[in-house]
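Participant: Each chain, letter by letter, is given below.
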Amino acid sequence: MSIENLLFSDRANVIMKKGLDVEMMRNSVIAANIANVDTPGYKAKNIDFEKTFQDALGTENQLKVSTTNSKHLAPGIDTLKAMEPAVDVETDPGRPDGNNVNIDKEMMKLADVQMGYDALTTMLIKRGSITKYAITEGKG
Amino acid sequence: MSDITIQSGLKSILGPGITDDAKGQAPKLAEGQKSFGEVLSDSLREVNQLQIDADKAIEDFSTGQTKNVHETMLALNKADTAFKMTMQVKNKIVEAYQEIIRMQV
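Which chain is which? The protein sequence lines are V and W, in order. With positions in the first sequence counted from 1, the corresponding number in our numbering is that position plus 42. With positions in the second sequence counted from 1, the corresponding number in our numbering is that position plus 111.
Source of the hints: derived by calculation from the structure; they are not laboratory data. Values in this document were obtained by computation on a predicted structure and should not be read as measured data. Among these hints, one or two may not hold up.
[Stated by the list, open to error] Straight line, CA to CA, 20 angstroms or less: simulated PhoX-like cross-link-like pairs of lysine-lysine:
hint: 1; chain 1: W; residue 1: K178; chain 2: V; residue 2: K147
hint: 2; chain 1: V; residue 1: K168; chain 2: W; residue 2: K189
hint: 3; chain 1: V; residue 1: K181; chain 2: W; residue 2: K203
hint: 4; chain 1: V; residue 1: K168; chain 2: W; residue 2: K195
hint: 5; chain 1: V; residue 1: K93; chain 2: V; residue 2: K59
hint: 6; chain 1: V; residue 1: K59; chain 2: W; residue 2: K178
hint: 7; chain 1: V; residue 1: K147; chain 2: V; residue 2: K87
hint: 8; chain 1: V; residue 1: K181; chain 2: W; residue 2: K201
hint: 9; chain 1: V; residue 1: K87; chain 2: V; residue 2: K151
hint: 10; chain 1: V; residue 1: K168; chain 2: W; residue 2: K178
hint: 11; chain 1: W; residue 1: K167; chain 2: V; residue 2: K181
hint: 12; chain 1: V; residue 1: K168; chain 2: W; residue 2: K167
hint: 13; chain 1: V; residue 1: K151; chain 2: V; residue 2: K93
hint: 14; chain 1: W; residue 1: K167; chain 2: V; residue 2: K93
hint: 15; chain 1: W; residue 1: K189; chain 2: V; residue 2: K174
hint: 16; chain 1: W; residue 1: K178; chain 2: V; residue 2: K93
hint: 17; chain 1: V; residue 1: K174; chain 2: V; residue 2: K59
hint: 18; chain 1: W; residue 1: K178; chain 2: V; residue 2: K174
hint: 19; chain 1: W; residue 1: K167; chain 2: V; residue 2: K59
hint: 20; chain 1: W; residue 1: K201; chain 2: W; residue 2: K189
hint: 21; chain 1: V; residue 1: K151; chain 2: W; residue 2: K178
hint: 22; chain 1: W; residue 1: K167; chain 2: V; residue 2: K123
hint: 23; chain 1: W; residue 1: K195; chain 2: V; residue 2: K174
Here chain V stands alone, though its shape is the one from the complex (with noise of 0.2 angstroms):
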C-alpha cells in the first residue's frame, strides 16, 4: 500500500486534482483565442468538460447511471485520473474574415477560471488540513 494510494488517491482528491488541470487547459485556451483575436480564419477553441465529468461520476440531474450488469464497476481511481478533456471548437458565427473569437465571452470565461482555480485550490488546502490534523493528533 503505498503513500500515494493511503493518502492521496481518494476520490475527492482525484477530482480536485482533475478539476485543477481543467481549469489550466482552460487558460491556456482562452489565453490562445485572446492571442489570436485578429487572425483570418482562426476558429476559437473551448473546452467543455462538466458533462463528460459528470457523465463519469454518476452525478447528473436528470438520471442516475444505472448499471445493467452487477459486475459492471462504477468508474474507478485510475479512470478518473486518466480521463483527459477533449478540445472542440467554438461555434459562433464568424466575422467576414473568419475569425469568430469573442473578446468579451473570452474575458468573462477567464474570470470564471480563474475564480474556479482560486476555489478549488482553498478546498484542496482545507481537506488536506483535516488529514494533517488526524497525522498530528492536534498536538501541533
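Following the hints, complete the assembly by docking chain W onto the known chain V.
Facilitator: Same frame as chain V, now just chain W:
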C-alpha cells in the same frame, strides 16, 4: 478475591442499595435516555457523515453541478470543526483514563 471488610463496610454505609447481584451491572436508564457509549458512537457517526457530505459538496462543485462556492466552503468548514472537536474530546478522554490508571488504590 473479595475484601470482606470493604464490602460489609459499604453495605452498612449505603444500606441495601448495593448488593452482590448489582455488582458490575450498568445502571438502569430511564425511558428514552441513551447510555454514554451510545451517545459517543452516535456522535462519531455524525462526524463521519459530515466528512462524507463535505466530499460530496466538493465533487458537486468540481463537476459544475453547483456553482455555489459558499455551500462547499460551509460544508468543508463544518467537517473541519467537527473533526477538530472530536479529536480534542478523544484526547481528553485518553488523558482522563491515564490519570485514573495512575491512581494508587
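Participant: So, for every hint listed, does it hold in this structure?
Facilitator: Results for each hint:
no.: 1; hint: K178(W) to K147(V); result: 18 angstroms, holds
no.: 2; hint: K168(V) to K189(W); result: 11 angstroms, holds
no.: 3; hint: K181(V) to K203(W); result: 12 angstroms, holds
no.: 4; hint: K168(V) to K195(W); result: 13 angstroms, holds
no.: 5; hint: K93(V) to K59(V); result: 17 angstroms, holds
no.: 6; hint: K59(V) to K178(W); result: 18 angstroms, holds
no.: 7; hint: K147(V) to K87(V); result: 12 angstroms, holds
no.: 8; hint: K181(V) to K201(W); result: 12 angstroms, holds
no.: 9; hint: K87(V) to K151(V); result: 12 angstroms, holds
no.: 10; hint: K168(V) to K178(W); result: 19 angstroms, holds
no.: 11; hint: K167(W) to K181(V); result: 29 angstroms, violated
no.: 12; hint: K168(V) to K167(W); result: 15 angstroms, holds
no.: 13; hint: K151(V) to K93(V); result: 17 angstroms, holds
no.: 14; hint: K167(W) to K93(V); result: 17 angstroms, holds
no.: 15; hint: K189(W) to K174(V); result: 16 angstroms, holds
no.: 16; hint: K178(W) to K93(V); result: 14 angstroms, holds
no.: 17; hint: K174(V) to K59(V); result: 18 angstroms, holds
no.: 18; hint: K178(W) to K174(V); result: 28 angstroms, violated
no.: 19; hint: K167(W) to K59(V); result: 15 angstroms, holds
no.: 20; hint: K201(W) to K189(W); result: 18 angstroms, holds
no.: 21; hint: K151(V) to K178(W); result: 14 angstroms, holds
no.: 22; hint: K167(W) to K123(V); result: 18 angstroms, holds
no.: 23; hint: K195(W) to K174(V); result: 11 angstroms, holds
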